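Trainee: Kindly generate the complete structure, drawing on both the sequences and the hints.
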Amino acid sequence: MVSKHESFEQPVAVGTRRGVRRYITWLSLCLTSFMALMVLIMYEARWVYPEIQAYFSQTGSLTGQQLATRSRNYLQRAQQTLLNEQRFEEEHTALVVLNLDLAYGLMDVDIYHRHYACTTPSLAALDSLSLRLESGSVPPFAAARELLEPIDCLTHIEMSQLDRRGKAINDFSESTRRHNDVLTYSSMIIFAVGLLFWAMHERQLRRTERATAQTLAWMQRAMRDPLTGIGNRSALQRDVMVSADESLGLILVDIDYFKQYNDALGHPEGDQLLRRLANLLKEQLGEDATLYRLGGDEFAAVFSCPNDQALIACCHQLIDGLRRSAFKHPAHPDNKNVTLSVGATRFSVMETTFAYAYEAADKALYRVKAAGRDGWQMTASL
Amino acid sequence: MSAVMSFVAVQSSLAKWLRASLACTFIIVASYLPSIAYAQALSMINGNETQKITISDLRQQSDTAVTLFDPYQGRDVEMRGLEFRRFLIDQFGEVPPALHFIAWDDYEVTLSGWDDPNWLMVTEEDGEPLTLRTRGPLRLVERNHGAREVESLREFNDWIWMIRSIEARW
Chain A
1 MVSKHESFEQ PVAVGTRRGV RRYITWLSLC LTSFMALMVL IMYEARWVYP
51 EIQAYFSQTG SLTGQQLATR SRNYLQRAQQ TLLNEQRFEE EHTALVVLNL
101 DLAYGLMDVD IYHRHYACTT PSLAALDSLS LRLESGSVPP FAAARELLEP
151 IDCLTHIEMS QLDRRGKAIN DFSESTRRHN DVLTYSSMII FAVGLLFWAM
201 HERQLRRTER ATAQTLAWMQ RAMRDPLTGI GNRSALQRDV MVSADESLGL
251 ILVDIDYFKQ YNDALGHPEG DQLLRRLANL LKEQLGEDAT LYRLGGDEFA
301 AVFSCPNDQA LIACCHQLID GLRRSAFKHP AHPDNKNVTL SVGATRFSVM
351 ETTFAYAYEA ADKALYRVKA AGRDGWQMTA SL
Chain B
1 MSAVMSFVAV QSSLAKWLRA SLACTFIIVA SYLPSIAYAQ ALSMINGNET
51 QKITISDLRQ QSDTAVTLFD PYQGRDVEMR GLEFRRFLID QFGEVPPALH
101 FIAWDDYEVT LSGWDDPNWL MVTEEDGEPL TLRTRGPLRL VERNHGAREV
151 ESLREFNDWI WMIRSIEARW
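Residue numbers (our numbering), protein chains in the order written: chain A, 1 to 382; chain B, 1 to 170.
Since the hints were made in silico from the structure, they are not lab data. Don't take each hint at face value.
[Unchecked claim] Now the stretches of chain B that chain A is said to cover, found in silico as 3 or more residues with beta-carbon under 8 Å: (1) 70-78; (2) 123-133.
[As the list claims (entries may be wrong)] Computed far set for chain A versus chain B, every beta-carbon distance over 12 Å: (3) 42; (4) 100; (5) 105; (6) 108; (7) 113; (8) 141; (9) 210; (10) 295.
Just so it is clear, the structure is predicted and the values come from calculations on it, not from any experiment. Positions of the beta carbon are idealized from the N, C-alpha and C atoms, including for glycine.
Mentor: As structure tokens, this is what we get:
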């Protein structure tokens, strides 16, 4: 028992599923795979590049050289001044104090305070030394010796920081290698999946092409008369519609006493006569004319026909050609060879309907039959 | 009346002379004091012209205060200074495409992208004037760190310390 809602919603749901399926094709899956590959590569590149920047692009920048190294350089400069000057004057004191201040500023960094216990005492030592130097209460040599401890501390910081940086670079290198592996394998998998989807898409495409070709072949066959190989009634209507803007000649051909022919010679001979007649029509009307078998012993020919004279010429040509061919008809009531009744008309689909033109040609044909057959008649142009 | 005006004029000239004399004395005395002689002025260089601005003048002009986390000190610090972009416009007429900095610790760098109100030229920290020991007398900081990791000092490479001169690069 299906409820009202279910009966209404089911077709909608089916429609939605079909709509979704239309967009999820093998091709779209394939393109999505390759897009995913691109995104993965871009993501990895974005991940790696800033890390490389952070570890390897620091030369010349503020923290490119360790602050501890720069601080130590200033302390060593101060030490050099303290030890080298024979007469230690106020300008030398000022220079030493300047170097101590610079060293202090570069060493007084939170990360050093947190990680290296010698930082705070060293800074206190520098502070005390600066004051004593300014007041002249410490001899230069003693001051130089007092700097050894802060220099030791800074050297320790430098070495430890280098170790930390080395460890960080190793970690980064390991992480990069891991990411590289992930990138390689995932790229290969996504690429393979993309190729698989592409192959599926190609297969589907070939199937569709084959199905289309089969459909077209069936359609062609449906428009052909299997006995004579010429078009059938459906083909006639289709072709006339296609050539709508031309002035066309329509000839209807009927074999006289065909039933008697079949009765006398058998249906295989009758079929043979139909094939020979189709060939005769082709020969007499030329390449421009298109032939159709409308059923039984009735044929039609359509061709481009600019005026009535051309149509009359075609009818004469056809009858004369048949007489020359002299197809035997052992059961002809008038002891003749095979004869035809031909009705013709000229028309333009723009001006009249095909059905009307067909009726006009058919009337002409029946006039011939009524007049004793073996001849042609034409209905005036429509 | 004119006598009064002459008296006022003489008094005014006398006051100017006294101020000038005091300034000279201060500069002479200061130049003999070892630690004060350094880092007391900023050189602003524009082509062939060099203008010296005293740090005390810059402190007086400091009209912007902000409390922010200083990654080098590992704590929140109340900083006071000048909006650097406005300062550049006052000095050079407009913000130069690039600036070449020289610091008191001989660090030199050329950087661009200063047309940004985020930059503050700091002169005081927690109410105290910046000195060389506190990475002064002038320091450039960003008022907003953005998404940068404060634990990584590498991310704050463009915080220029101990600024001694600023040269416009056009």
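Trainee: Hint by hint, say whether it matches the structure.
Mentor: The hints, checked one at a time:
1. 70-78: Check passed, 5 qualifying residues.
2. 123-133: Per the Cβ count (3), the hint holds.
3. 42: The claim holds: residue 42 (chain A) sits with its nearest Cβ about 20 Å from chain B, beyond 12 Å.
4. 100: Nearest chain B Cβ is 9 Å from residue 100 (chain A), so the label is violated.
5. 105: violated, 5 Å
6. 108: Residue 108 (chain A) not clear of chain B: closest Cβ-Cβ about 7 Å, inside 12 Å.
7. 113: violated, 8 Å
8. 141: With a cut-off of 12 Å, residue 141 (chain A) remains clear of chain B, as the shortest Cβ separation is near 19 Å.
9. 210: holds, 57 Å
10. 295: The claim holds: residue 295 (chain A) sits with its nearest Cβ about 85 Å from chain B, beyond 12 Å.
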